[in-house]
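There are 2 protein chains.
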Amino acid sequence: MRRRVRVMAPATVSNLNCGFDVLGLAINEPYDVVEVELTGTPSVEIVAIKGCDSLSTDPEKNVVGAVLGAMTAASGSAVGFRVIIEKGIIPGSGIGSSAASSAAAAFAANVLLDARFTLTELVRFAMEGEKLASGTAHADNVAPSLMGGITLIRSYEPLDIIQLNVPRELFCVVLHPEMEIRTSIARGLLDRMLPLETAVRQWGNVGGLVAGLYREDYDLIGRSLVDYVAEPKRSGLIPWFNELKNSAMQNGALGAGISGSGPSVFALCRGVTVAGKVLGGMKEVMKSSGVAFKVYLSPVSSNGARVL
Amino acid sequence: MRRRVRVMAPATVSNLNCGFDVLGLAINEPYDVVEVELTGTPSVEIVAIKGCDSLSTDPEKNVVGAVLGAMTAASGSAVGFRVIIEKGIIPGSGIGSSAASSAAAAFAANVLLDARFTLTELVRFAMEGEKLASGTAHADNVAPSLMGGITLIRSYEPLDIIQLNVPRELFCVVLHPEMEIRTSIARGLLDRMLPLETAVRQWGNVGGLVAGLYREDYDLIGRSLVDYVAEPKRSGLIPWFNELKNSAMQNGALGAGISGSGPSVFALCRGVTVAGKVLGGMKEVMKSSGVAFKVYLSPVSSNGARVL
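Going line by line, the protein sequences match chains A and B.
Okay, so the first sequence: first residue is 1 according to the numbering used here, each after it adds one.
Okay, so the second sequence: first residue is 1 according to the numbering used here, each after it adds one.
None of these hints come from the bench; they were simulated from the model.
For each residue, glycine too, the CB sits at the ideal point set by N, CA and C.
Incorrect hints may appear among the rest.
With the Cβ distance kept under 7 Å, some of the chain B side facing chain A (calculated, not the full set) [claimed, not checked]:
1. 21
2. 162
3. 192
4. 193
5. 200
6. 202
7. 203
8. 204
9. 206
10. 207
Using the sequences provided together with the hints, build the complete structure.
In structure tokens:
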């Protein structure tokens, strides 16, 4: 039995415009690393958090504590965990920072527990971290962070996660302006009720996007990357959103939108050449704003969480 | 240039549980036949309607008149049509009776006009029939009736119709209890506003169903055949609905629901053997009700409208 393991889990882009709360994809970078050591007492100790000053090492206040606490309870034996977290993903960036830590912790603990839990069960545990972080136990970041690729949460109850086909030439560009948007605030902006016609248009696009992914029909993917639900409400939180999106589209992106609840803005592109051009254009937009930012360019990651 | 043509267009099952207003499929039987003759005057004359006494031959009041009137106007030349309609599909049955007549008429006229319109344009014309019949220009019946297979209306504006993959073993059972439900009344029962969580569940299933069709994953297709939007409101219009659905599921159907706005109830099945068993069970339910009914069992039709 292993006593200690280091696991990485990647950043993720959730929603993908039309798929609010159900779609997400993993990218190669950035990622979090969680090192977990098995102990004999049913408690969770967070020894250190590297790369980030703003997160608490109190296991009651850290997503990793929530995830591993749930796994300790479910294990039913005298197991506990000692943890070091290495943050590669900036909290509040909208690319699944809490999800990656949660996913890495769940995956690492499962290795130490001789893989007694299924991947779907690990998603369920990692959702405890999301619940702590945002008040809602959503799975659209933790699922792709654990499993890689593009995932669909068909159903939450029971939890049913579908790994969708990943077209080979699909690249993702992410621009993270250095401002924080709390998921809970971004969720609060959404209307609780949708006109039926709006919902119909949204699920028409979900169907179109899934069909496009299987057909590897990049035009169809692009036409389906439309969001009638969150973007109209949330884009106002990101002062540069319209300019970033327009720039991405002008440079040939298939589509662009808010990553999760923002502030990161993502674009999907066909091929690395277009992706590079899109990235360049988005950088220009942000440079003229004077606000600091980070950028990432990655194919859809085929890897989810994995042992280092 | 042909002067006269006979075209058939098949019945269709729309919505498919989760895909309200966007999904539909064609079956082999029943179908309507429309015979169209080209005339030199820009008018539409409906000479006869065979197989049905309840429909008007007044072109202002018949869906075929609405479709061909629109095509006459769009043709911009001195063309008109003389029509004989042979109804194989009972009006108000919920399996696209008006859609099939509209589709057959549009397809036939296009043959006579040397195929000057695209299939998508024909869908647009056929939607004029739907508008006359139900007050709403929906396309989820006319698209599969014209094109065959399983269609997704990704978007209405612009009209974007996606032909989805059809798993080879997919069979459709339809039971039509002889009562009429007006589409306009069935639509009036629906809530105009949906809770966001309900909409999310519905589009999770749309994504799951489309993925299931491409993966030919019958279990996933079955799990996705859930309707949180129309079925809870409309099933009360069909006194035998719950019994029919339960019977279908007990006999191994992947899923079952209301076809369009009803009263027909459909079930999707894997393989003709299961479909036969499901059909038998549904017949037993209706026999004990004493109400007359018709049944149909068909693979998903690969043909849409075609010249006879």
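To see whether the hints hold, each was checked on the structure:
A cut of 7 Å between beta carbons decides the hint on residue 21 of chain B: the least distance to chain A is about 5 Å, and the hint holds. Interface hint at residue 162 of chain B: satisfied, since its Cβ lies 5 Å from the closest Cβ of chain A, which is below the 7 Å cut-off. Below 7 Å, beta-carbon pairs count as interface contacts, and residue 192 of chain B has one with chain A at about 6 Å; its hint therefore holds. Annotation: residue 193 of chain B was flagged as interfacial toward chain A, and the flag holds, the nearest CB pair being 4 Å apart, inside 7 Å.
This hint holds: residue 200 of chain B has a C-beta 5 Å from the nearest C-beta of chain A, less than the 7 Å allowed. Nearest Cβ of chain A to the Cβ of residue 202 of chain B: about 6 Å, under the 7 Å cut. The hint holds. The criterion of a C-beta within 7 Å of any C-beta in chain A is met by residue 203 of chain B, whose closest approach is roughly 4 Å, and the hint holds. A least Cβ separation of about 5 Å between residue 204 of chain B and chain A falls short of the 7 Å threshold, and the interface hint therefore holds.
Checking residue 206 of chain B against chain A by beta carbon gives a least distance of about 4 Å; that is within 7 Å, so the hint holds. Here the hint on residue 207 of chain B is kept, as its CB sits about 5 Å from the closest CB of chain A, short of 7 Å.
Checked against the numbered hints given earlier, the structure satisfies every one of them.
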